[in-house]
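Peer 1: Every number in this note's numbering is 1051 more than the matching position in the sequence shown, counting from 1.
If you are wondering where the hints come from, they were derived from the structure by calculation, not from laboratory data.
Glycine residues also receive a C-beta, built at the ideal position from the N, C-alpha and C atoms.
Heads up, a few of these hints could be off.
[Stated by the list, open to error] Cβ pair distances, simulated, as ranges: (1) Val1289 x Gly1208: 19 to 25 Å; (2) Ser1153 x Leu1430: 31 to 37 Å; (3) Leu1430 x Thr1327: 44 to 50 Å; (4) Ala1427 x Glu1222: 39 to 45 Å; (5) Glu1179 x Asp1412: 41 to 47 Å; (6) Arg1068 x Val1289: 40 to 46 Å; (7) Met1190 x Arg1106: 29 to 35 Å; (8) Asp1412 x Ala1274: 51 to 57 Å; (9) Asp1091 x Glu1309: 20 to 26 Å; (10) Ser1193 x Arg1106: 21 to 27 Å.
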Amino acid sequence: MARHGPGGDGGGHTPFRRVGIVGCGLMGGSLALAARSVADVERIVVTDRDREVRRAAARRGLGEVVTEPQAVAAGADVVFIAVPLEEIPKVAASVWPVMQPSAVLTDIGSVKSKVMAEVEVLAGRSPETGPVFIGGHPMAGSEREGLDGADGTVFQGSAYVLTPPASAPTEAFNRLASFVRLLGARVIAVDAATHDRLVGIVSHLPQVVASALMTFAADTARADPGLLAMAGGGFRDVTRVAASSPELWTGILRENREAVLDAVEGFAGVLGALRTALGAGDWAAVRQALGAGRDARALLPGKAVDAPLIDLVIPVHDRPGSLAAVTTALGAVGINIEDVSMRHAEDSPRGALVVAVAGDDTAERARLALAARGFASHLETR
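All chains should be modelled from the sequences, with the hints used to inform the complete structure.
Peer 2: Below, the structure is given as structure tokens:
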């Protein structure tokens, strides 16, 4: 299977030939641009509730532009809902009746628990019809707003989180994960609650800190007008996302309020300890705090390099829930999933879930993570 996205070394063939996107803002537009570069995508259909945005989408050549979400979804193999968080359930309900059971419906919302719960209710009303819903959140983007900021390369090298429900079939998850990898992203699977807690720290807290720091600096600059002129690269890097949309981020913080509050309180504790050390002139403690930050920074994933694929073979009952339990166990420890398949056993309710990861070290970490959750597994080299 190809492991490269647009602009990579591999190309690869898509599991989705007909792609639909509802919402042509920054991320929806970026998805459409990225999908144009994926081999064998035959049709991209997009819409936006704003007529001017639809016109701009047509000018940029995002795909076939239509006026209604239902026209996007009819005949699509996959539909991405790229609208504000509070609108996702409504859009899902509008496209659900026209999508085939073989199709995949996903979203790109940055908070997952509420969306997953509401769509699960929707799916429960028609369990035999409608698409497979799998939550998604690309950990990519920029502080720019709207279609003007769309960039088809934004997914390359970034994490793309999937939150499969217990009912998600292995085949549907694997198709969506394969497509995401063709965009150039790394697939991580976690449950919705874990996702919301973790993004509260790595995504939502940075927005709060950047906005607060920029406001503090601007307030100080009223008395010291030269302050902002002295701002260098470090200050600009830390405050870059303060330029993001207040409307968008108010909605995100409202939806993930508890997780963000926990993150703010935890960060305040770390900052408070450093303040105490500074106040006491405890330079050993200051140095220790700075060193801890430097060492922690080195833990961030670097540029991906090709490594041999190793299969983890996990005996499981061939039933709904097995996929979500295994993939979210791996995602919880930050392991990227390269491929997933199911080996079925004849005349038996048990089979084997086969999860591919890159490299021997990652495979061993994955085996240990699964063992901690009660899953036996063995490794096979491709």
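Peer 1: Output the numbers, in ascending order, of every earlier hint that fails for this structure.
Peer 2: 4 and 9
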